[in-house]
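Asks: Each chain, written out:
There are 2 protein chains.
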Amino acid sequence: MSKKPKAVVLLSGGLDSATVLAIALEAGFAVLALTFRYGQRHQAEIAAAGRVARAAAVEKHVIAEIDLRAFGGSALTDDIEVPKDRKADEIGGAIPVTYVPARNTIFLSHALAFAEVEAAHDIFIGVNALDYSGYPDCRGEYIDAFEVMANLATKASVEGKRKITIRVPVIKLNKAGIIRKGLDLGVDYGLTMSCYDPGPDGAPCGRCDACLLRLKGFEEAGVADPLCYSSGGGG
Amino acid sequence: MSKKPKAVVLLSGGLDSATVLAIALEAGFAVLALTFRYGQRHQAEIAAAGRVARAAAVEKHVIAEIDLRAFGGSALTDDIEVPKDRKADEIGGAIPVTYVPARNTIFLSHALAFAEVEAAHDIFIGVNALDYSGYPDCRGEYIDAFEVMANLATKASVEGKRKITIRVPVIKLNKAGIIRKGLDLGVDYGLTMSCYDPGPDGAPCGRCDACLLRLKGFEEAGVADPLCYSSGGGG
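In order, the protein sequence lines correspond to chains A and B. Under the working numbering, the first residue of the first sequence carries the number 2, and numbering increases by one thereafter. Under the working numbering, the first residue of the second sequence carries the number 2, and numbering increases by one thereafter.
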């Protein structure tokens, strides 16, 4: 067994969380990756998470089932149409229909359970306050409040043991900054998948907010996106 | 549709949450009951939640699947033995093996998603700081921290709308007090199920911590427990 301290890393299979995983490894953590099957329209991102976890040789990769469809309320879990071809200034302002109610709270709660069982004290999440300013649960003040709550929620907190730290290493980076950081750390973005609405062949659409932000990020970083897009994006 | 304000009530099928449901109804809320299937050893408590929800004629009863077994770490989800026949002073001190890591955090996170989708502003949970002092996530300070976090997590909080309130109406009552309160409100405790380890016929064991606390509660309240116990408890 590894003597490194353990950290739980929330791994969606997208670009941000793949970068965060590389940052956690670089920081010397033994990584416990956690991915959710939550009624996504497509399973392509879970496959991507598996590829990223294998490439990074994580200690453990758990795929937990959760049932966000039970409540509805989002284009990512319901039959609401995913918006396409929005302009940059339309993305990130108002809360988009792709917002999943309380998603990061549910994800972090599971990460907290995993951390407690594994005696890990660090939880990494790839939230980004810049590109996702419309998502309440991507803001620093939300993350801080979650950390306070987490440190009252666990056995370790009652027993006076080491605190839980929620780490958000890309929260202040833009997409290009995240990509540059990841490339420095050797992340293979060809393994990742960011699309909200991939085609039947699993190819990203190139037109949803997530694809548009990703493409813009690669453009600004001055490198080509290694993915092949359904609709001819990807530089 | 009801014009009453909506409230999400976490409903386990046990005595505490059945009482809390009655309190929410009495307070004038239209109740959205939420029960979890989380890899319990027995499904008897989900059946009990269904009976309680039907008897109370709730607006909606959602049973959400969650996968706490993915992480392990508790006698309620793993193959660890549930302790039996413990003395009153052994129950509630140290954190018991029946503690499920981060369970209330995961439950409340889902309740928050449900509340957000349904535009409910109140979440009721039957935590009890007295009988479950060993559970970190049953303490008032934990609940307060969750509420602060919840009010940064949601769309409504960003848009400056009404706050989420986490209501814990039985947190300071002992079991006898909860039972008296519930009987005043007409709760039929014969529909509920508190046991951690019911027999194959679904009958409560009468010997686990939950059964022992329940039996003691009925004794102190001076009424008979309407349930039939496997091992001859139940007054």
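Hints listed in this document are in silico derivations from the structure and should not be mistaken for laboratory results. Hints may contain errors.
Because identical chains share one entry, a pair is satisfied inside a single copy or across any pair of copies.
[To be verified] Here are the simulated SDA-like pairs of lysine to any residue, each with C-alpha atoms no more than 20 Å apart in a straight line:
id	residue 1	residue 2
1	162	142
2	7	203
3	4	173
4	162	135
5	162	119
6	156	131
7	4	51
Quick caveat, the model's predicted, so the values are computed rather than measured.
Asks: Checking an output row: residue 162 and residue 142, CA cutoff 20 Å. Within, between, both or neither?
Replies: between (24 Å within a copy, 18 Å between copies)
Asks: Since the copies are identical, ignore which copy is meant and state whether residue 162 and residue 119 lie within 20 Å (CA to CA) inside a copy, between copies, both or neither.
Replies: within (14 Å within a copy, 38 Å between copies)
Asks: Measure nothing new, just compare the shortest in-copy and cross-copy C-alpha distances for residue 162 and residue 135 to 20 Å and report within, between, both or neither.
Replies: For residue 162 and residue 135, the Cα distance is within 20 Å only across copies (15 Å; inside one copy 36 Å).
Asks: Checking an output row: residue 4 and residue 173, CA cutoff 20 Å. Within, between, both or neither?
Replies: neither (31 Å within a copy, 43 Å between copies)
Asks: At most 20 Å between CA atoms: does that hold for residue 4 and residue 51 within a copy, between copies, both, or neither?
Replies: neither (24 Å within a copy, 47 Å between copies)
Asks: Can you give me the call for residue 156 and residue 131, within, between, both or neither, at a CA distance of at most 20 Å?
Replies: between (34 Å within a copy, 17 Å between copies)
Asks: For the identical chains here, do residue 7 and residue 203 meet the 20 Å Cα criterion within one copy, between copies, both, or neither?
Replies: Result: close neither inside a copy nor across copies, 32 Å intra and 40 Å inter.
Checked against the numbered hints given earlier, the structure breaks hints 2, 3 and 7 and satisfies all the rest.
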